[in-house]
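Novice: Top to bottom, those sequences are chains A and B.
Using numbering that gives the first Met the number 0, read the first sequence as starting at 0 and increasing by one per residue.
Using numbering that gives the first Met the number 0, read the second sequence as starting at 0 and increasing by one per residue.
Hints in this document: simulated from the structure, not taken from any laboratory.
Small disclaimer: the values here were computed from a predicted structure and weren't measured.
Beta carbons are placed, not taken as given, at the ideal position from N, Cα and C, and that holds for glycine.
It is possible that some hints are incorrect.
Listed next, with one range per pair, are the computed distances between beta-carbon atoms [to be verified]:
1. B/230 <-> A/276: 53 to 61 Å
2. B/25 <-> A/142: 37 to 45 Å
3. B/107 <-> A/142: 40 to 48 Å
4. B/58 <-> A/237: 15 to 23 Å
5. B/48 <-> A/163: 36 to 44 Å
Output of the computed footprint for chain B on chain A, the stretches with three or more beta carbons under 8 Å from beta carbons of chain B [said to hold, decoys possible]:
6. 232 to 241
7. 278 to 284
Under 7 Å between C-beta atoms, here's a sample of chain A residues computed to sit facing chain B [said to hold, decoys possible]:
8. 216
9. 219
10. 222
11. 223
12. 225
13. 226
14. 229
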Amino acid sequence: MASTSSQSAVVSRTRLARLALLALLLPLVGVAALFVGSSALAPDAVFWSLLHPHAAGVTHTIVWELRLPRVLIALGVGAGLAIAGALLQALFRNPLVDPYITGVAAGAALAAAIGFTLQVAFALVPALAFCGGLACAALVAVIGGNETPAGNLRLVLAGVAISALCSALVTLLLLHGGQANGMPILAWLAGGINGRGWIDLRWTAGYLGLGIASAFLQVHAVNLLRLGSVPAAGFGLPVARARFGVLVTASLITAACVAVSGIVGFVGLMVPHVVRRFVSGDARWLLAGSALAGGSVIVIADVLARSLMPPTEIPLGVLLALVGVPFFLSLTRRPVEL
Amino acid sequence: MLRGENLAVHYGTRRIFSSVNLGVSPGRFIALVGPNGSGKSSLLRVLAGLQKPAAGSVVSQGSSMLIAPSANPPADLTPFDLAAYGLALRRKPWQWGLPPAGHARIAAALERCSLTAHASSCVANLSAGEVQRAWIAAALAVDTDTLLIDEPTTHLDVRYQIEILHTLKALTQSGIAVVAAMHDLTLAARFADDVALLADGRLVCGSPADILTPALLSDAFGITVSLHRHPEEGYLICLPR
Numbered sequence: 000m001a002s003t004s005s006q007s008a009v010v011s012r013t014r015l016a017r018l019a020l021l022a023l024l025l026p027l028v029g030v031a032a033l034f035v036g037s038s039a040l041a042p043d044a045v046f047w048s049l050l051h052p053h054a055a056g057v058t059h060t061i062v063w064e065l066r067l068p069r070v071l072i073a074l075g076v077g078a079g080l081a082i083a084g085a086l087l088q089a090l091f092r093n094p095l096v097d098p099y100i101t102g103v104a105a106g107a108a109l110a111a112a113i114g115f116t117l118q119v120a121f122a123l124v125p126a127l128a129f130c131g132g133l134a135c136a137a138l139v140a141v142i143g144g145n146e147t148p149a150g151n152l153r154l155v156l157a158g159v160a161i162s163a164l165c166s167a168l169v170t171l172l173l174l175h176g177g178q179a180n181g182m183p184i185l186a187w188l189a190g191g192i193n194g195r196g197w198i199d200l201r202w203t204a205g206y207l208g209l210g211i212a213s214a215f216l217q218v219h220a221v222n223l224l225r226l227g228s229v230p231a232a233g234f235g236l237p238v239a240r241a242r243f244g245v246l247v248t249a250s251l252i253t254a255a256c257v258a259v260s261g262i263v264g265f266v267g268l269m270v271p272h273v274v275r276r277f278v279s280g281d282a283r284w285l286l287a288g289s290a291l292a293g294g295s296v297i298v299i300a301d302v303l304a305r306s307l308m309p310p311t312e313i314p315l316g317v318l319l320a321l322v323g324v325p326f327f328l329s330l331t332r333r334p335v336e337l
Numbered sequence: 000m001l002r003g004e005n006l007a008v009h010y011g012t013r014r015i016f017s018s019v020n021l022g023v024s025p026g027r028f029i030a031l032v033g034p035n036g037s038g039k040s041s042l043l044r045v046l047a048g049l050q051k052p053a054a055g056s057v058v059s060q061g062s063s064m065l066i067a068p069s070a071n072p073p074a075d076l077t078p079f080d081l082a083a084y085g086l087a088l089r090r091k092p093w094q095w096g097l098p099p100a101g102h103a104r105i106a107a108a109l110e111r112c113s114l115t116a117h118a119s120s121c122v123a124n125l126s127a128g129e130v131q132r133a134w135i136a137a138a139l140a141v142d143t144d145t146l147l148i149d150e151p152t153t154h155l156d157v158r159y160q161i162e163i164l165h166t167l168k169a170l171t172q173s174g175i176a177v178v179a180a181m182h183d184l185t186l187a188a189r190f191a192d193d194v195a196l197l198a199d200g201r202l203v204c205g206s207p208a209d210i211l212t213p214a215l216l217s218d219a220f221g222i223t224v225s226l227h228r229h230p231e232e233g234y235l236i237c238l239p240r
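Turn these sequences into a full structure, and let the hints guide you.
Specialist: Right, here's the structure in full:
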């Protein structure tokens, strides 16, 4: 018993140390991102602006009105997509799924694009995206069905098919909208947080906060779902209700992210994998680690997106796909664990 | 205590079994035997409450848990984690850590399954028999009264087969009931208090000597089985011809 406890304590300390590293990385990356941008600002001027939130001037405007909300949105989107990916991978017991492969993001994008076309208030776009994402996720889940290898294959195929259908419908919307309405939607779909500000952050934060809080309240259920539905039911988990709860939560988080940043792929796939290896696959550690690492990844990606080809900004989705596709392909070459 | 009354399972138009009655009393070890496709796994799922029967009902006093052979836990889990996951449902969602009483409960369950030395080893580093025992320990940690085990000896070599069955037998002595779907009739005769033979949609249950007869086995499996007694321990040895 003593040896068991001491071994568990060592494992917990190691996980905690690694989680602490990720927790340290996040604010470092977040603050560093405030110093980088298309306008070259002196570091001391940025510091001064940060310490004087009520001051005025160009530097102050760039730091407080452009860069800070953008960094905060990047943190939220990264944390959200990584958590959503971790939830969906546990739910479907399939390490290859993420909000995009399960059709959640495509459904959310379609609903959001409809919202933009109809010019509904931005506050309602995440709600619309949530309905679209959940509908697609439920459809994919029904088609994918069970946890057998055949079910998992059907799930991925259904997700790809539904995503393709949603993309086609979005294209139709773009064509229907014409140049004037279509271009902003196209830019949004490419994925990125260019031009997002406090107002976008304010409307998204509520949905995102609710989703992330809900995810952390479901860690015990997520851990049991990792074991499979039969053992989970054996332990007393109401499996159908728990699965639906996780699906709703993942859809809500994805919808909030899609509404504000468009299609930003691969974070939900890559980050949980890395965190699972680096910290733990236990949902308590995995969700926390994914939130921290996902936030850092998107902040770094956003910095690169706006500084690699100035003055052009590379869409975030494009940049992440460049890194994400080789990662995805590398997953097929080695055994992956949930 | 667990009792299935007049149970029937159909898949589409295919009738698997009907009018099945099975009572599981505390401390009994029931070996569920029968040909492939006779519905052993379905019956276990129905008894566990995981599958709705086409007819009949399951009356349960106490808790039961089904352990399936295909249930491979994630490789990074330890037997301790596995049991802790089960116990976690008894805590509020925001109570992430395991209280000291939970630690003691899991340690006791692991001890009963001779897994104390492997409590913190990843499942990937355990043998198939140890993984089976980890599932059983997890079930014990949540105070399961009836263990429903689908093919507990599958994928195990003879040593681990005997070990897991000794573990299950020892558990029955502390009042836990075990229903194990098995293929090896000799092991069933040696370890079970009762044998339930499910074949051709019907179930007959009784002592090993009553059920493991040449006539019943021939009807069930369609082959001749010769029966012998172990010279020292006296249990039945079933040899298919």
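Novice: Which numbered hints are broken by the structure, listed smallest first?
Specialist: As far as the earlier hints go, not one is violated by this structure.
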